[in-house]
Amino acid sequence: MAHDIVFFLAPDDETAAAMRLQGPREAFESVTCRFIEPDSAIAEWDMYFEEPSAEAPPLEQFLGWSWPEWVTAPLNDGVEVFALPQRLTRALVNASSTELEELAGRWTTRLRSVDGDDMTDDDPLAVLQGGARLAASAVSTGGGLYSWSF
Numbered sequence: 001m002a003h004d005i006v007f008f009l010a011p012d013d014e015t016a017a018a019m020r021l022q023g024p025r026e027a028f029e030s031v032t033c034r035f036i037e038p039d040s041a042i043a044e045w046d047m048y049f050e051e052p053s054a055e056a057p058p059l060e061q062f063l064g065w066s067w068p069e070w071v072t073a074p075l076n077d078g079v080e081v082f083a084l085p086q087r088l089t090r091a092l093v094n095a096s097s098t099e100l101e102e103l104a105g106r107w108t109t110r111l112r113s114v115d116g117d118d119m120t121d122d123d124p125l126a127v128l129q130g131g132a133r134l135a136a137s138a139v140s141t142g143g144g145l146y147s148w149s150f
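Mapping the sequence shown onto this note's numbering, position 13 (from 1) lands on 13, and the numbers just tick up by one.
Hints listed in this document are in silico derivations from the structure and should not be mistaken for laboratory results. One or more hints might be untrue.
Listed next, with one range per pair, are the computed distances between beta-carbon atoms [to be verified]:
1) 94 x 67: 20 to 30 Å
2) 52 x 76: 32 to 42 Å
3) 141 x 70: 19 to 29 Å
4) 125 x 76: 29 to 39 Å
5) 101 x 63: 20 to 30 Å
6) 64 x 22: 32 to 42 Å
7) 98 x 70: 24 to 34 Å
8) 96 x 76: 38 to 48 Å
9) 21 x 53: 32 to 42 Å
For every residue, glycine included, the Cβ atom is placed at its ideal position computed from N, Cα and C.
Let the hints inform the model, and build the full structure from the sequences given.
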């Protein structure tokens with residue numbers, strides 16, 4: 001489980017990859033959270049928008065989903081940078097508040113089932129709303145949406 005996660009905007013993969021060692025810091029618009037697995041969160045969100053349902057899919061279906069691609073793979077230090085799929089970025093831009101609330105409920109259920117009491121203290125809905133704001137900026141600037149974690 002990643003301790004620190006930052007969803008951030010960057011103009012391209014090369015710029016996002018350059019953030020590997022120090023993280024995006026204040027250089028880029030971002031949303032932070034703690035104690036989640038960013039790759040599973042990204043997959044959960046993507047799956048929701050491709051196959052909307054308030055109920056979480058079976059674990060086998062979830063694990064078989066197309067997971068995000070690394071911009072920089074983790075090394076021994078555990079730092080990794082993912083690019084959010086373009087279709088997810090567009091889906092976040094177009095998501096209604098009701099869809100974000102439903103996704104937050106579904107995501108919270110999965111987090112609780114996997115992490116129990118060690119689940120993040122962050123508000124999943126606030127993280128999703130922040131991600132949707134970042135997605136809108138990414139689309140309007142032609143950049144990308146990324147995740148940095150440690």
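Legend entry - Verdict for residue 141, residue 70 (Cβ pair) under range 19 to 29 Å: holds, 23 Å
Legend entry - Consistency of beta-carbon spacing, residue 67 to residue 94, with hint 20 to 30 Å: This hint holds: roughly 22 Å between Cβ atoms.
Inset, instruction - Could you check the hint for me, namely that residue 101 and residue 63 are 20 to 30 Å apart, CB to CB? - result: Cβ of residue 101 to Cβ of residue 63: about 25 Å, so the range 20 to 30 Å holds.
Legend entry - Range hint compliance [Cβ, residue 125 to residue 76, 29 to 39 Å]: Given about 34 Å between the Cβ atoms, the range holds.
Legend entry - 32 to 42 Å as the expected CB spacing between residue 76 and residue 52, which holds or is violated: Between residue 52 and residue 76, where Cβ atoms are some 39 Å apart, the hint holds.
Inset, instruction - Starting from the range 24 to 34 Å, see whether the pair residue 98 and residue 70 falls in it by beta-carbon distance. - result: holds, 32 Å
Inset, instruction - Kindly confirm whether 32 to 42 Å is satisfied by the beta carbon distance between residue 64 and residue 22. - result: holds, 35 Å
Legend entry - Supplied distance hint 38 to 48 Å, evaluated on CB atoms of residue 96 and residue 76: holds, 42 Å
Inset, instruction - Indicate whether the distance between the beta carbons of residue 21 and residue 53 respects the range 32 to 42 Å. - result: holds, 39 Å
In terms of the numbered hints stated before, the structure departs from none.
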